[in-house]
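Construct the entire structure; sequences and hints are all you get.
Protein chains in written order, with UniProt numbering: chain A, 1 to 265; chain B, 1 to 409.
Take these hints with a grain of salt, some might be off.
Cross-link-like lysine to any residue pairs, in silico, SDA-like; alpha carbons within 20 Å at most [unchecked claim]:
#1 B:Lys214 <-> B:Ala10
#2 B:Lys168 <-> A:Gly248
#3 B:Lys168 <-> A:Ala191
#4 B:Lys107 <-> B:Leu88
#5 B:Lys168 <-> A:Pro67
#6 B:Lys168 <-> A:Gly188
#7 B:Lys107 <-> B:Gly170
#8 B:Lys168 <-> A:Gly49
#9 B:Lys168 <-> A:Gly185
#10 B:Lys214 <-> B:Gly269
#11 B:Lys214 <-> B:Ala42
#12 A:Lys242 <-> B:Lys214
These are calculated hints, taken from the structure and not from any lab test.
Listed here are the chains, written in short residue letters.
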Amino acid sequence: MSDTTVSPVASTIAAAKAERAGALVGYLPVGFPSLDASVDAAVALVENGVDVLELGLPYSDPVMDGPVIQAATVAALEAGVRLRDAFTAVERIRSRVDAPVLVMTYWNPVLQYGVDRFADDLVSAGGAGLITPDLTVDSGADWLATSDRTGLDRVFLAAPTSTDERLRLAVDSSRGFVYTVSTMGITGARADLGTAARALVARLREQGADSLAVGIGVSTADQIAEILSYADGAIVGSALVKALSDGGVPAVARLAAELAEGTRR
Amino acid sequence: MTDTRTSLRAETGPFFGEFGGRFMPESLIAALDELDEAYQLAKLDPEFHRELAELGRSYTGRPSILTEVPRFAKHAGGARIILKREDLNHTGSHKINNVLGQALLAKRIGKHRLIAETGAGQHGVATATAAALFGMECVVYMGEVDTERQALNVARMRLLGAEVIPVKSGTRTLKDALNEAFRDWVANVESTHYLLGTVAGPHPFPAMVRDFVKVIGEEARQQMLDLTGALPDAVTACVGGGSNAIGIFHAFLDDTSVGLYGYEAAGDGVDTLRHAATITKGRPGVLHGSRSYMLQDEDGQTLDSHSISAGLDYPGVGPEHAWLSSIGRANYLPVTDTAAMEAFRLLCTTEGIIPAIESAHALAGTIELGRELGPDATILVSLSGRGDKDVETAGRYFDVLDENGNARV
Chain A
1 MSDTTVSPVA STIAAAKAER AGALVGYLPV GFPSLDASVD AAVALVENGV DVLELGLPYS
61 DPVMDGPVIQ AATVAALEAG VRLRDAFTAV ERIRSRVDAP VLVMTYWNPV LQYGVDRFAD
121 DLVSAGGAGL ITPDLTVDSG ADWLATSDRT GLDRVFLAAP TSTDERLRLA VDSSRGFVYT
181 VSTMGITGAR ADLGTAARAL VARLREQGAD SLAVGIGVST ADQIAEILSY ADGAIVGSAL
241 VKALSDGGVP AVARLAAELA EGTRR
Chain B
1 MTDTRTSLRA ETGPFFGEFG GRFMPESLIA ALDELDEAYQ LAKLDPEFHR ELAELGRSYT
61 GRPSILTEVP RFAKHAGGAR IILKREDLNH TGSHKINNVL GQALLAKRIG KHRLIAETGA
121 GQHGVATATA AALFGMECVV YMGEVDTERQ ALNVARMRLL GAEVIPVKSG TRTLKDALNE
181 AFRDWVANVE STHYLLGTVA GPHPFPAMVR DFVKVIGEEA RQQMLDLTGA LPDAVTACVG
241 GGSNAIGIFH AFLDDTSVGL YGYEAAGDGV DTLRHAATIT KGRPGVLHGS RSYMLQDEDG
301 QTLDSHSISA GLDYPGVGPE HAWLSSIGRA NYLPVTDTAA MEAFRLLCTT EGIIPAIESA
361 HALAGTIELG RELGPDATIL VSLSGRGDKD VETAGRYFDV LDENGNARV
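Take a look at the structure:
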């Protein structure tokens, strides 16, 4: 499991937990609505209380994403965003704020760029690691080796349907945190997160997880406060993307500040 | 490695050489494992095979017949050309073979809701048919673009009681219908079986679907021996995702004297941007859960494919085909829209058989191959589907229908 002395993400989450209820992880896609605006929006998240950034690389076939994130990533691709823009964005964000930046990416873009080359360029840009929604530990031998070589964090997902054996694998192999999928489904705000997340966190704790964040469907400060009563971090994506889409950087900054209140209860 | 590796027919996945595997969200891994386990048990259960064979006999109409086409063959260098008539199956194509196998399996694992993706609508119609037969719920995802160009099949699915959902995301075609079906499956995996329609996707789909369609080649191999006293010199099929091709190829994989030829859709030509020739022009990558050849840009973004045939209009291909290509066991060649439509018309007018435009790609490739191999050759062709669904497209192409789909007067 995550060694907080080497993982910037795990140590940030641990520090947030020491000061407050836990950490807020915020997702935005690279290049939406433009490269500059996506960098400004990410910086605004951190300035308004987001502890860890999750920067999504737009991809043509995002099977885990709901309509809000799909619409944003399609728009980014149509506006001409390229894979290398992710490194530019990470570098520019890191030059302005201190929060660790994870890149969330489907696997094929990494594979085409070259796993080693991708990792090296991410390290050079100051990135913290990868979240891989369609790469599980048992299919990710090349990424395990490369992340060990470079020291990058690797965030794998755990789902309510995962067996104990697979949860163990995700816990043992993740570095930074374990991405705890709150509910069966794709990204997008949900009024009711149900009890699945709490039960899954308990199962992950039994497998030794000491850094885990709950995501999928999280959109309000109340939900964040509730999640942080049993988890170490809460992840918000679609709600932030919608705010950015509707009201630009000022709106996403306001929402981040509002959501961050959930970490102080 | 065990000695079973000496047979090319023994591959059961997850990998076919360096191709295949399982690149999927963790949320779906349990369902894929459950499916794999159920399938491994079913494979060993004579009752499952008996039930499936009975459905094949009394519902699909198996075995499908062979038809020799001498008048067509005159245009193909005089080679002896024999069609395997999957077009005569119930629902009009080879798709029903896979659908009945998976529906039977879904019943065994207690799923009462079937979801499917469809391009031209043939797989959607077959799935809607099986859902009706087994008393299951059915939802079919179909790209919005395809619902417009295949309105008749949308109506067929709805008549069969299925819900058809037009997919408005991405390029609004087959690949996006797969994405949407995966998204539905992630959310409804407890009640739902995703009845994937081709030999692509994450393990166990490529091997399992292959097993459900390989009856085509098993029948045809014996039928060829009975009819001609020998194995054919070549076996040909069209390749989109590749299910009819692997279905007819598989029985012949170890017969080294038999050449295997898969014909990909070249659309406007492989030197244009408008084609679906995945093996010819693509490179290895991960799409829809497995590693295979795919059409993609430098960044790994999937490219749009184009073909006059909606059933071949897919930027990926099954991993077993990628492997057969990489080891040189099967050849994959491009066929343009124009060549396919010429072959379509030729089969109509020389033999009185209207083929699916997908299958017409195999016929066009066979004409070229026959001219190369000469009059002593025997070629077995997978006639994977019938052309009823394509009458409007072909009618407009050959100008026997006007732009509104009405007969020219």
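Going through the hints against the structure:
{"no.": "1", "hint": "B:Lys214 <-> B:Ala10", "in the structure": "13 Å, holds"}
{"no.": "2", "hint": "B:Lys168 <-> A:Gly248", "in the structure": "25 Å, violated"}
{"no.": "3", "hint": "B:Lys168 <-> A:Ala191", "in the structure": "25 Å, violated"}
{"no.": "4", "hint": "B:Lys107 <-> B:Leu88", "in the structure": "26 Å, violated"}
{"no.": "5", "hint": "B:Lys168 <-> A:Pro67", "in the structure": "10 Å, holds"}
{"no.": "6", "hint": "B:Lys168 <-> A:Gly188", "in the structure": "17 Å, holds"}
{"no.": "7", "hint": "B:Lys107 <-> B:Gly170", "in the structure": "32 Å, violated"}
{"no.": "8", "hint": "B:Lys168 <-> A:Gly49", "in the structure": "36 Å, violated"}
{"no.": "9", "hint": "B:Lys168 <-> A:Gly185", "in the structure": "19 Å, holds"}
{"no.": "10", "hint": "B:Lys214 <-> B:Gly269", "in the structure": "30 Å, violated"}
{"no.": "11", "hint": "B:Lys214 <-> B:Ala42", "in the structure": "16 Å, holds"}
{"no.": "12", "hint": "A:Lys242 <-> B:Lys214", "in the structure": "48 Å, violated"}
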